[in-house]
Amino acid sequence: MVLKGCKKVLVKGLQLGLAMFLVSGIMPMQANSEPAPADQTPAAEAAAPAADAAAATTAPAETGDANIGWLYFTGGKSFTNGAPPCISCHSAGVGELGGGVLGPNLTKVYADESKNPLLSSAWINGGSPVMAPIFSQKNITDEEVGHLRAFFAQQAKTEVASSSTGTFTIIGLGGFVGILIVFNIIWSGRYRNRNKGTAHDALWRNYGGKGGR
Amino acid sequence: MDKFLFGGMPYIFLMTAIVGAIWRFRSNKYTWSSQSSQFVENKTLFFGSFPWHYGIITVLLGHILGLFIPKSILLWNAVPVRLYVLELTALACGFLALFGLLALIYRRLTNSRVKALTSSWDVLVLIVLLIQVVTGLGNAVLYRWGSNWYAATAVPWMWSILKLNPNVDYVANLPLITKTHIFNALIFIGLIPFSRLAHFVVLNPYKYLVRPYQVVRWYRRGGPTVNIVQYK
Chain A
22 MVLKGCKKVL VKGLQLGLAM FLVSGIMPMQ ANSEPAPADQ TPAAEAAAPA
72 ADAAAATTAP AETGDANIGW LYFTGGKSFT NGAPPCISCH SAGVGELGGG
122 VLGPNLTKVY ADESKNPLLS SAWINGGSPV MAPIFSQKNI TDEEVGHLRA
172 FFAQQAKTEV ASSSTGTFTI IGLGGFVGIL IVFNIIWSGR YRNRNKGTAH
222 DALWRNYGGK GGR
Chain B
-13 MDKFLFGGMP YIFLMTAIVG AIWRFRSNKY TWSSQSSQFV ENKTLFFGSF
37 PWHYGIITVL LGHILGLFIP KSILLWNAVP VRLYVLELTA LACGFLALFG
87 LLALIYRRLT NSRVKALTSS WDVLVLIVLL IQVVTGLGNA VLYRWGSNWY
137 AATAVPWMWS ILKLNPNVDY VANLPLITKT HIFNALIFIG LIPFSRLAHF
187 VVLNPYKYLV RPYQVVRWYR RGGPTVNIVQ YK
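Each protein sequence line maps, in turn, to chains A and B. Add 21 to a position in the first sequence, counting from 1, and you land on the number used in my numbering. Each step along the second sequence adds one to the number in my numbering, with nothing skipped, and position 212 is 198.
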């Protein structure tokens, strides 16, 4: 009886938790569709000291706003023509688990003289075999690239983050074990109860748990 | 080659699925199910089938949602933490599905009674599903963040197929694991009408999903089944 009561409380708690998670997810989604103020952007916070030190050398070269570029990179601000955000496939020192790894890491792309010219709308919209089919349909504008260039100029001063593949996999495995534990708590005895008094129950005991082998 | 694999083959597999489904439904609609082997072995089936179905249905629903509302998926992923939550949940469910599938394969390989009932179609289905889950996990881990670029590459490709104007360029330059995952999904669709995968096409979702568990019961006119233990 007590156990059943505990289970009910647990299930209710999980439902409440899920609902709160969804609500907490939707609220910032609306807030983030607007450009964040410069001092609220995590990338800006992380890169602020470096930016102060080297602002004189690179910042004036780029007319875009690095904070807006950060939003374009993560998808916090959508590209005018609906192109997917850069974080889908690229890393640039953003987020605890980094960006995507389908494409190259762009943390130092601005500082690399051979690759810097590729940060242009012409190349993004038509230069890469993987990106061209997508971006040729959903062009990125020069203004948007300007903001992204300012963002990459800022990120180029940070260190390239180490790969988070291992961390991601381990957390995923932890989640898998967690799901098994939660299911076990919610439905403990489901197998036993389902088979109680049936042929399976009897067969199982009859064959000493060998399942008839 | 890509044009053939991702521009022509999808139609062949889709047509096979549609024509095959009509043929099977007209010729023997009572076989439109996954033939139960619960009676010959129950325990491993339960602990394999349960994680497999919870894992794969969650992941599959994610794929279907992405097909219909890709922009909403991208909007959700616009904050890195939310992107990580989505990806990690999908990865955990992927591991859940793999765990269940391996248990089911183990059951088929080791239990002589189940083995005797296993058809070639069952073996083929398990191989296709294993390839699908392993390549899916490979995509999730090695080519992050799949939920984002799926919405930008595979989804427009799928819509181009459905609109009868295939644009192979969207997927032609993706990594080999991804292309294997996509092509194997096409094989999966083609296999649906001819195998136990038929139950995947739920004709009446409401009834199917909320029906009681299918339990094969012993005929009990003579008393409780527990009696058979005494013959041991």
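None of these hints come from the bench; they were simulated from the model. Think of the CB as a built atom: it goes at the ideal place given N, C-alpha and C, for glycine as much as any other residue. One should not assume that every hint holds.
To be verified - Keeping only pairs whose Cα atoms sit at most 27 Å apart, straight-line, the calculated BS3-like set for lysine-lysine is:
1. B/K149 - A/K129
2. B/K149 - B/K29
3. B/K(-11) - B/K101
4. A/K159 - B/K29
5. B/K101 - A/K159
6. B/K(-11) - A/K159
7. A/K136 - A/K178
Unchecked claim - Derived contacts from chain B toward chain A, CB cut-off under 8 Å, selection only:
8. N63
9. L77
10. L82
11. W107
12. D108
13. I113
14. A137
15. W145
16. P152
17. K165
18. F169
Results of checking the hints against the structure:
Between B/K149 and A/K129, the direct Cα distance comes to roughly 41 Å. Violation of the 27 Å bound is thereby established for this hinted pair. Restraint check for B/K149 and B/K29: not satisfied, since their Cα atoms lie roughly 45 Å apart, outside the 27 Å limit. Restraint check for B/K(-11) and B/K101: not satisfied, since their Cα atoms lie roughly 40 Å apart, outside the 27 Å limit. Pair hint A/K159 plus B/K29 does not hold up; C-alpha atoms about 52 Å apart against a cutoff of 27 Å.
A hinted pair counts as satisfied when its Cα atoms are at most 27 Å apart, and B/K101 with A/K159 does not qualify at roughly 53 Å. Distance hint between B/K(-11) and A/K159 is fulfilled; the C-alpha atoms sit about 23 Å from each other, no more than 27 Å. Taking the CA atoms of A/K136 and A/K178, the gap is about 16 Å. The hint holds against a cut of 27 Å. Restraint check, B/N63 versus chain A: the minimum CB separation of about 6 Å is within 8 Å; hint holds.
For B/L77, the interface hint holds, the least distance from its beta-carbon to any beta-carbon of chain A being 3 Å, beneath 8 Å. Checking B/L82 against chain A by beta carbon gives a least distance of about 5 Å; that is within 8 Å, so the hint holds. The interface hint given for B/W107 is broken, as the beta carbon of that residue sits about 23 Å from the closest beta carbon of chain A, more than 8 Å. A cut of 8 Å between beta carbons decides the hint on B/D108: the least distance to chain A is about 18 Å, and the hint is violated.
Hint on B/I113 is violated. Least Cβ distance to chain A is approximately 23 Å, over the 8 Å limit. Against a cut-off of 8 Å between C-beta atoms, the interface hint on B/A137 holds, since the closest Cβ of chain A lies about 7 Å away. The restraint placing B/W145 at the interface with chain A is violated, with a minimum CB-CB distance near 12 Å, outside the 8 Å limit. The interface hint given for B/P152 is violated, since its Cβ lies 12 Å from the closest Cβ of chain A, which is over the 8 Å cut-off.
With a cut of 8 Å, the hint placing B/K165 at the interface with chain A is violated, because the nearest CB-to-CB distance is about 12 Å. Checking B/F169 against chain A: minimum C-beta separation of about 18 Å lies over 8 Å; hint violated.
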